[in-house]
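Working from the sequences, and respecting the hints, build out all of it.
Protein chains: 2
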Amino acid sequence: MDRGVKKISLLHLGIGNVGKEVVAQIQAQKDEIVKQFGLDLVYCGLFTVRNGVFAPDGLSEEKIRNDLSEARYAPVDIEKMVLHAIDEMETPFILIDTTASDSTFPFLEKTLKKGGYVVLSNKKPLAGSLKQFENLQRLGKNRIYCETVVGAGLPVIQTLKNLLITGDEISEIQGCFSGTLGYLFSQLDTGKKFSEVVMQAKKLGYTEPDPRDDLGGVDVARKALILSRFLGQKKELSDIALTGLYPKEMGMLSVDEFMSEIKKLDDEYAEKVKNAKTQGKVLRFVATVTQTDCRVGLEAVEKTSDIGSLQGPDNIIIFKTKRYFDNPLVIKGPGAGLAVTAAGVFADILSSAQIITGGIHE
Amino acid sequence: MDRGVKKISLLHLGIGNVGKEVVAQIQAQKDEIVKQFGLDLVYCGLFTVRNGVFAPDGLSEEKIRNDLSEARYAPVDIEKMVLHAIDEMETPFILIDTTASDSTFPFLEKTLKKGGYVVLSNKKPLAGSLKQFENLQRLGKNRIYCETVVGAGLPVIQTLKNLLITGDEISEIQGCFSGTLGYLFSQLDTGKKFSEVVMQAKKLGYTEPDPRDDLGGVDVARKALILSRFLGQKKELSDIALTGLYPKEMGMLSVDEFMSEIKKLDDEYAEKVKNAKTQGKVLRFVATVTQTDCRVGLEAVEKTSDIGSLQGPDNIIIFKTKRYFDNPLVIKGPGAGLAVTAAGVFADILSSAQIITGGIHE
Numbered sequence: 118m119d120r121g122v123k124k125i126s127l128l129h130l131g132i133g134n135v136g137k138e139v140v141a142q143i144q145a146q147k148d149e150i151v152k153q154f155g156l157d158l159v160y161c162g163l164f165t166v167r168n169g170v171f172a173p174d175g176l177s178e179e180k181i182r183n184d185l186s187e188a189r190y191a192p193v194d195i196e197k198m199v200l201h202a203i204d205e206m207e208t209p210f211i212l213i214d215t216t217a218s219d220s221t222f223p224f225l226e227k228t229l230k231k232g233g234y235v236v237l238s239n240k241k242p243l244a245g246s247l248k249q250f251e252n253l254q255r256l257g258k259n260r261i262y263c264e265t266v267v268g269a270g271l272p273v274i275q276t277l278k279n280l281l282i283t284g285d286e287i288s289e290i291q292g293c294f295s296g297t298l299g300y301l302f303s304q305l306d307t308g309k310k311f312s313e314v315v316m317q318a319k320k321l322g323y324t325e326p327d328p329r330d331d332l333g334g335v336d337v338a339r340k341a342l343i344l345s346r347f348l349g350q351k352k353e354l355s356d357i358a359l360t361g362l363y364p365k366e367m368g369m370l371s372v373d374e375f376m377s378e379i380k381k382l383d384d385e386y387a388e389k390v391k392n393a394k395t396q397g398k399v400l401r402f403v404a405t406v407t408q409t410d411c412r413v414g415l416e417a418v419e420k421t422s423d424i425g426s427l428q429g430p431d432n433i434i435i436f437k438t439k440r441y442f443d444n445p446l447v448i449k450g451p452g453a454g455l456a457v458t459a460a461g462v463f464a465d466i467l468s469s470a471q472i473i474t475g476g477i478h479e
Numbered sequence: 118m119d120r121g122v123k124k125i126s127l128l129h130l131g132i133g134n135v136g137k138e139v140v141a142q143i144q145a146q147k148d149e150i151v152k153q154f155g156l157d158l159v160y161c162g163l164f165t166v167r168n169g170v171f172a173p174d175g176l177s178e179e180k181i182r183n184d185l186s187e188a189r190y191a192p193v194d195i196e197k198m199v200l201h202a203i204d205e206m207e208t209p210f211i212l213i214d215t216t217a218s219d220s221t222f223p224f225l226e227k228t229l230k231k232g233g234y235v236v237l238s239n240k241k242p243l244a245g246s247l248k249q250f251e252n253l254q255r256l257g258k259n260r261i262y263c264e265t266v267v268g269a270g271l272p273v274i275q276t277l278k279n280l281l282i283t284g285d286e287i288s289e290i291q292g293c294f295s296g297t298l299g300y301l302f303s304q305l306d307t308g309k310k311f312s313e314v315v316m317q318a319k320k321l322g323y324t325e326p327d328p329r330d331d332l333g334g335v336d337v338a339r340k341a342l343i344l345s346r347f348l349g350q351k352k353e354l355s356d357i358a359l360t361g362l363y364p365k366e367m368g369m370l371s372v373d374e375f376m377s378e379i380k381k382l383d384d385e386y387a388e389k390v391k392n393a394k395t396q397g398k399v400l401r402f403v404a405t406v407t408q409t410d411c412r413v414g415l416e417a418v419e420k421t422s423d424i425g426s427l428q429g430p431d432n433i434i435i436f437k438t439k440r441y442f443d444n445p446l447v448i449k450g451p452g453a454g455l456a457v458t459a460a461g462v463f464a465d466i467l468s469s470a471q472i473i474t475g476g477i478h479e
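Protein chains in written order, with the working numbering: chain A, 118 to 479; chain B, 118 to 479.
Heads up, some of the hints might be wrong.
It does not matter which identical chain is meant; a pair holds if it fits inside one copy or across any two.
[Claimed, not checked] Cut-off 30 Å, straight-line C-alpha distance, at most; resulting in silico cross-link-like pairs (DSS-like, lysine-lysine): (1) K389 to K310; (2) K147 to K320; (3) K319 to K439; (4) K365 to K381; (5) K320 to K437; (6) K352 to K227; (7) K365 to K389; (8) K240 to K352.
Source of the hints: derived by calculation from the structure; they are not laboratory data.
Following this line, the structure appears as structure tokens:
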């Protein structure tokens, strides 16, 4: 290793699809990062729900490449193993959370208490109870990186933080934060039936196995909640005005029952699409966050507006502020996907690593 | 001052409109930045072409508020004064360049050599000779912050850098980087005459005093050149394929002569607008950067495309990459203006200040 190269230790929770891609991207760019930043990103721990590998001085290439999803190791107490790993780390280090778990809070808390940094693509710790969110902020506001919790790799969170800290005043954040629902509604634009579009999306793997996980809008509400909390609102998830895309009583059905009954919604959606169309509008599933409000639901918007012209699985976020007033600041692009989400996590790791080491003085 | 608060010294060149706004925004957020980041941003030097104030331990509030444009001080040798100030700084510190000067290179060079950081809204040092650009990169690639050189406060440069360092491959960057020309062409869309639109824009102060400074496209070419250099192209400004909006021979005229002869271009532009319209297209002044090419000029683009639907003075930048392939990453919004440009400079100052101090460990 070159003289002057600084080692950054990484612990990584959640080696699923996104997690694996993060590991692969980092390993592929390892030499370039040593060269450009004098930073050596060293994996010391990789953990899934069932499995884990840990070596305080760095894992071997072979262990990093191992497939943790195979039960190659004896079953272990993962929680104990992760807490032990955090104990063993010399600060500062980075804990990466690419799980979809709501149980990683103790690991994040312990890391921040020890002076470590956390990088999250996992929304749950920030969209859980307000108390939990405030605890994390109190412990290490500036050591939490979470660019990918809204819009995957799109530069949303850093843009919001920059607006706030430079003294801009946000009047409204509006956007579409679900690629799945974006796809559904741009298909509806073409005149297809609601049930047909949902069934096709399910078949193509665009929806969760239970499409109600998308249609209910909870994932979008979580993203809106996180944005509202960054604006200083003290809301719980249940405080968000969320209108999902199916009637509550259909939540009781099995997935198969739901898929066969979804046809009953076709007329209602056909009517909504038609009404919107007569006004030059289209339907979109929109999140709106102001200084006091946070609402998520179906809206008819001008077809030629930024939101109305959104196509396919793209996400969009629109910041209206004191400084971006006549014309807002708009960011648009794929808001999901392994490669772009992993790249967003990776960029967060690099941002925190540069701060940890106090920059490099060439 | 609180325990644990770290002082960051600032030297600032160019206290014109943008510079003044940067100073004002920083002073307004001073307490908040101490609170949130434990950073005390201390102005030690302010310099215009003719004037300067400097105190190595920090200027008084009164001196910071002083209007340097008034010849309140005896004439001084500014170059000598700035070089002396850099000498006096304890590293690391930040040198801010919000001038429009092509003569600040020696100050940037000296700062980087000393281990300091530079924050630029001034394009000239990065769009000057390739040798100069490479010198700056060699001296302190990671200590140069220049978010505002393309698209003002829009998150363009950091997004590009994140794409590159995480191993994405850029196939094309395309965009409109002139609010003035954006305004002109969305006016032309409405059927107005070219001369009429230019005259109106000049009257409203949207153009430079000599509108050819906008119509020639050199400012856009500089931005494209900087992007191409970040992609690794070794080009000079003269290598950019630039097609301006008036014939070369009209460059010899006085401003008044040019404004009276501009009517001669009306038929040509009316024809171009008409031809585009018959194909569902509109005219836009577009910069295109690929791995090997860099061109700037008038193009007819689909009216419903991201670039075609651009309205008024908005800028847009579109990244097409290996990861953002089917759908690109798009950023849009005002790409000029005092408040948004100053906020971009301010955010760069905060980013570098956090790295200088190695973060804050709450």
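Here is how each hint holds up against the structure:
no., hint, in the structure
1, K389 to K310, "within (12 Å within a copy, 42 Å between copies)"
2, K147 to K320, "neither (38 Å within a copy, 54 Å between copies)"
3, K319 to K439, "between (42 Å within a copy, 26 Å between copies)"
4, K365 to K381, "within (14 Å within a copy, 67 Å between copies)"
5, K320 to K437, "between (37 Å within a copy, 28 Å between copies)"
6, K352 to K227, "within (25 Å within a copy, 50 Å between copies)"
7, K365 to K389, "within (19 Å within a copy, 56 Å between copies)"
8, K240 to K352, "within (15 Å within a copy, 43 Å between copies)"
Checked against the numbered hints given earlier, the structure breaks only hint 2 and satisfies all the rest.
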